[in-house]
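Residue numbers (my numbering), protein chains in the order written: chain A, 89 to 497; chain B, 6 to 582; chain C, 14 to 464.
Hints listed in this document are in silico derivations from the structure and should not be mistaken for laboratory results.
These numbers come from a predicted model, not from an experiment.
Treat each hint with caution, since some may be false.
As the list claims (entries may be wrong) - Derived SDA-like pairs (lysine to any residue); straight-line CA-CA distance at most 20 Å:
no.: 1; chain 1: A; residue 1: K161; chain 2: A; residue 2: E441
no.: 2; chain 1: C; residue 1: K111; chain 2: B; residue 2: Q542
no.: 3; chain 1: C; residue 1: K165; chain 2: C; residue 2: F226
no.: 4; chain 1: B; residue 1: K525; chain 2: C; residue 2: P342
no.: 5; chain 1: A; residue 1: K259; chain 2: C; residue 2: K134
no.: 6; chain 1: B; residue 1: K359; chain 2: A; residue 2: D429
no.: 7; chain 1: C; residue 1: K267; chain 2: C; residue 2: E293
no.: 8; chain 1: B; residue 1: K523; chain 2: C; residue 2: F226
no.: 9; chain 1: B; residue 1: K523; chain 2: C; residue 2: S96
Next come the chains, spelled out residue by residue.
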Amino acid sequence: MANTQSLSRRSMMLRSAACGTVMSVGANTAVLPSFLMGAPQSTTENVLVVLQLSGGNDGLNTVIPFDHPVYQKNRPSLAVGKDQVLAIEENLGFHPVATGLSTLLEQSQLSIIQGVGYPNPNRSHFESMDIWHTCRRKDAVRDEGWIGASVNQHLTRQDNDTPILHLGSEKQPLALTATDPRSISIRSLDQFKLQANQEQITSVVQTTNSDDDSNALLGFLQSSTASALKTSEQLLRSAASKTRDNDGAAYPQHRLAQKLQTIAKLIDSPLKTRVYYVTLDGFDTHAQQAGAHESLLGQLSSALAAFVADLKQRQQGQRVTTMVFSEFGRRLAENASKGTDHGAAGPMFLAGEGILPGLIGKHPSLTDLQQGDLKHQFDFRQVYASVLQWMGWEDDALGKSFKPLELFT
Amino acid sequence: MFLRISILFVTCLTTGLVHAQHDLDRLLPATTAAAFKINHAGQIVDDILAHPLVQAAEEAGAYKDALPEQQAAQLNAIKAQIKASIGVEWNQAIAQLTSKGIVLAYDPPTNGVSLIIQGEEETLTKVFDILYKTIEPIVALGGKSINKGLYRDTITGYQIDDLRFALYEGTFVMTNSRDLGRFTLDALLGEPPTNTLADNPTFQQATESTKPNDHSVWFWADSKLAAQTGGGDQLDESMKQNMLAELLFGGITNQLKHSQYTTATLDFNKEQLRFAFRTAHDQAWIPERRHYYFGADGKGEAPPLLQPKGTISSISMYRDLAPWYLLGPELYTPEVNERIAQADSQLSTFLGGKDFGEDILGALEPGFQIVVADTEFDEGAPVPDLKIPAFAMVANLRDPEVIKPELRRQFINFVGFLNLVSGMEGGKQLDIDIQSKDDNVILTTAFLKPQPNQPVSIEYNFTPTLIMTDELFILASTKALASNLQDPKVAKGSKANRSTINSQFQLYGAALKHILEKNKEFLITQNMLDKGSTREQATDEVTLILQATEILKMLEIKLEHTDSELTFTFDMSFKVE
Amino acid sequence: MKPYVDPQWAWAEFKPTESDPWNEHKVAHLFRRAGFGITGTELSNSIDAGLSETVQSLVHESGEPEEFQRDMQAMTRSLVASSDPANLSYGWLYRMLKSTDQLREKLTLFWHGHFATSAEKVADAFMMQQQNSMLRQHSLGNFHDLAQGISKDPAMLLYLDSATNRKTHPNENFARELMELFCLGEGNYTETDIRELSRCFTGWEVRNRAYRFNRYQHDFNEKSFLGASKAFSGEEAVTHVVAQKSAPKFIARKLVQYLVMDEPLADDELIEPLANQLEEDDFEVLGTIKRILLSNLFFSEHSYARKIKSPVEMVIGLMRSLDMNTKLPDLHRTLGEVGQAVFYPPNVKGWEGGRIWINSSTLLGRSNLIHSLLTTPNTTFGGEDISGLLASREVHTMQQALDHFETLLLAVPLGSRVKQQILSAQQTAPSDDSFSNLLHQLATLPQFQLS
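This is chain A alone, in the form it adopts within the complex (with noise of 0.2 Å):
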């Protein structure tokens, strides 16, 4: 399986520095400068979307068992009913208000992993989200994310382009941070336009390589710049002209719907990045949840299915897999605030063309529950485990070995 490396924070910087010294000397052995040969990196691989859903997402009210009897005896106000879910199968069905979702398990491009958490689960925001980020607990040190220090371990730094892109204006995420952090946090799509003068500065940079090979920094900055201008030039262009290749697809209106469309524009430019994380804040209903979450899941499923359409018309959608997540479901029973509180185990869900579609695992048992909670039938790293192996990565970032799930054709 997974060559167990172990990659100490020692190691890393050691590895680092010594790419520093043996890049300066790579360069000049190439017989033309790389910009001149084009772009030879492809942008064919495999691309991670993740999407992260803060606060605490009650899986029982997205993935409904809606004619279970102890569901509709403890949740009085809240329960949704026959009448009104989108039918996923016999006694499941979705919100009435996601019909994207919905939409996507039609077209066989959307699977739902029930019941995921970890054993002994930790119902504090923070810690749980650490612990889904880091793979590890408060006791092992956590220094690193599961993403950041995959990427850091098979992503050398020869490429120019940062491989996570974090898309917000929040904290970046502790799953991307590594001891060699190569993620960036944007807000938006016009940190990747040129603002001015594209065409001048793109014939100038065409003619300033230097004949003189001897300076590898310079080099290097000469490719950089020339990738650089290439993606600002694709975006501009495609910002421009209102054809199939960009916006067209319709998107609702609201912010995370503009975020997965700046990242599918993204995803279908030179740009090299592997991953991009979005979040979608406010899960946390404690109180009068239903007009707050029904808002929130509307906003996921109307911005997930425009995001897949999006991909399939630009013809990336074999290679993108959204993967959304939160730190743990809510409790079965509603409190007295017509809310629900911090629960554990919930619902995963993936989109894309290249998933195995429809329901993974058995719904969780509402009557044998831990603590009021539903448990878990497998574990998030478990997930994790099949989304590296699909990316073509180990999963040393784990920390230990993980089974992983049947998820992708």
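Since the structure of chain A is provided, determine the placement of chains B and C on it from the hints.
Quick look at chains B and C alone, frame taken from chain A:
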């Protein structure tokens, strides 16, 4: 500078000499839909030039870049030419040319626009001659000619393409419509046609309170015009997306849709600038969802403006806050409603399950005041470097016996919540002090004293306090302001006869300057960082700005209404040496 | 395959000759590295003064005038009063731009990245300013003083989660970073050293924003680490760590990377002379810095254009060269977007620099930053527009402007072919817009990113 240029431009248009006594409502047909008049243009120009604010701005060199050199030179050349030909300075020239007013009007049936200028016959004649001789060759160059004709054997009329103009005694008329022009000329000749503007009923209604000759600038429009452009609907749409806009202006949009007229006036002299906007008003036009604004019976009156010691600004409004919040589905877009739902969910968490709209907002009578006042620190209390003015909200409680204990608990919960959150982040804690006498409740909080060597940070501006006495509800950012508000002086109000004041705002320049002065260090630093200037340069600039602030005596914004008319005024008074 | 550099030659004093004279290129290089860019006046004065006088002036005679210091104190005080650490960032940009003591500011920035502490976590303006002042005070002084100062700095302790350190469960985080990141570098200590060292700091706490020694929590027993055993106090422990052989090497290597070349990383042999000097000087850094700035290696092909400008260097350098002023709060925000928000380093390793500054997003970000800097109405050039400034420098045509910019701003000469290409790509006659566009295009070239 801009005003200078535009007035000058208008002057250059002046060519008429005719001297007439007729008012605009006799010179225009009843079908006129909009009219605009400037009275005493000359006086206005003088007042602007002499105004202390303009003087201050010129001193600070604000106009240096407004006009590039070439154009400034051209302007000076024109001024010189005028002086040479007429014998008076350019601003005096304006005064004479337009001594009876400048009128611009629009008549939909003829699609005609008319410009009428009335002034001193002699000056008008001279200027007309000069400009006519200047224009003639230019027009010829363009391949056109000025046609002359005699109208009714008395008035010489001129025409270039569609543009017609004429002068008679002290009046100059220029228009693009033959019929409109003739109407005016007939009136000037003393044979008023039937149905002048004076006979128009909506015009009469509008000018009951707003006579064209009473103001520096006057504007009137028949509202069918506004309805055509759809401005009212657009306004309504934007209210739907913004709760604050709805709270402030929601009640006005309906009148704009139904009213037969709108008028706007501007009064200007050295000591005052007053802008007023009026439209017809009828309670029947207000839909039920907006009853929170004027009251269900349309008689909601704002409580008097409070003026405790050191007031910087004072606001008073009649609004029933609970329906404004609870009627979300009817008042706002779905997106806004979603955000309200989320906010509700979060607020309930620390309101202990109570509903913000129904329980908290619903506890207050409509009609509340907000005050912003100077900082005041107790003896021995820590004084922060950056001084934030104190602010407070005052209202009456609907059901004092029931609600007071409830609000008391909420306030204590809220302080506890703040302390928890700030404690986790290592911030400062609020100490709470509770006093009750009979039913009256005083809850004050204060931050714990800082360590001796530590700077006094911004939090020490705040000692949040809640006072509830009988029906009075006072929530203030400082204890001092809260106690001053228990027995404040009330500001001198001013209202038109029989009118009800719905909303009112006053800002006092001296007090504003005072608080800015207290923070002068900070302003200087801000200036240095924004402009990269040295401390000396920054100090000079800030001093100038503070001086300019003092020129403003008071700014008042008011919304009031009678049974039939709604008036919005914006009033600035200046301190003149 | 790394080119061999003779250490003795490297650090010997550079002597200008006929074939390798003291010229504009060298002056600009010196000022870019020892400060933040160069002004026209500095350029001409330094050519006249010669190498050693110029370095002497930079190192010893550029102290800030008293009035400026007082102004900065007043400014800092009001910034701290606002309780928002971001304001401190604006103040520091102002200081970097206006200070006459450029070397000190450059080194303060170096130490800020070395002893990284982020206001994101330590959200307190007072503490962050205290740290910054301490770093500035010792930036050209004694590294041992710096180490002692930083180990008791409340902001640093909070940042490293070491605001409490209990006897029964010593906090290893600070001990690890002290050795790994601050003084010795990876591989020069063992895990046991970390454990023992952390016992020396037990009882070190932060209370009410100040350092406090809690004797009840302090472990007064003997500790053994880095080859010595005794009942070390925290201060003695710091002294012992700094006294290790690996410490001067570690610092010397970092100084060489910061001042001389991003890559390759200097090996032990190359930095030996500098490490020895640091030891002899009792860890006073000024002598070593001066030696670096006067050295053969510094004035050689190994160093010219062998560093990538950090975002702050790039912008402040540009602004100094063209006597620019702008709205600094906005500038700080855009600098953050390209990776360098002062007072907010991304993590405890600070800003690694070199190639790490560069990726598609930051390259485009740098270009856009400069474009908005040049076009915003808040920016002035010596109080006027760019054409006004250039006119006062006798620069009237596009050709002259290009030459002028090249001299002041580029570490790599462009060559006539490239310059022709650039000029022919300009469409219009000289004006504010066309000068701005020219400068913007120049600033997007790969050559511009090199220091």
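Hints and how they fare:
Between A:K161 and A:E441, the direct Cα distance comes to roughly 38 Å. Violation of the 20 Å bound is thereby established for this hinted pair. Straight-line distance between C-alpha atoms of C:K111 and B:Q542 comes to about 14 Å, which keeps the hinted pair within the 20 Å bound. Distance restraint check for C:K165 and C:F226: the Cα-Cα separation of roughly 10 Å lies within the 20 Å cut-off, and the hinted pair is therefore satisfied. Among the hinted pairs, B:K525 with C:P342 is consistent with the structure: their alpha-carbon atoms are about 19 Å apart, no more than 20 Å.
Between A:K259 and C:K134, the direct Cα distance comes to roughly 11 Å. Compliance with the 20 Å bound is thereby established for this hinted pair. Note on B:K359 and A:D429: the hinted pairing holds, with a Cα-Cα distance of about 17 Å set against a maximum of 20 Å. At most 20 Å may separate the alpha-carbon atoms for a hinted pair to count; C:K267 and C:E293 meet this at roughly 18 Å. Between B:K523 and C:F226 the CA atoms are separated by roughly 39 Å; this puts the pair beyond 20 Å, and the hint is violated.
Pair hint B:K523 plus C:S96 holds up; C-alpha atoms about 17 Å apart against a cutoff of 20 Å.
Checked against the numbered hints above, the structure violates hints 1, 8; every other hint is satisfied.
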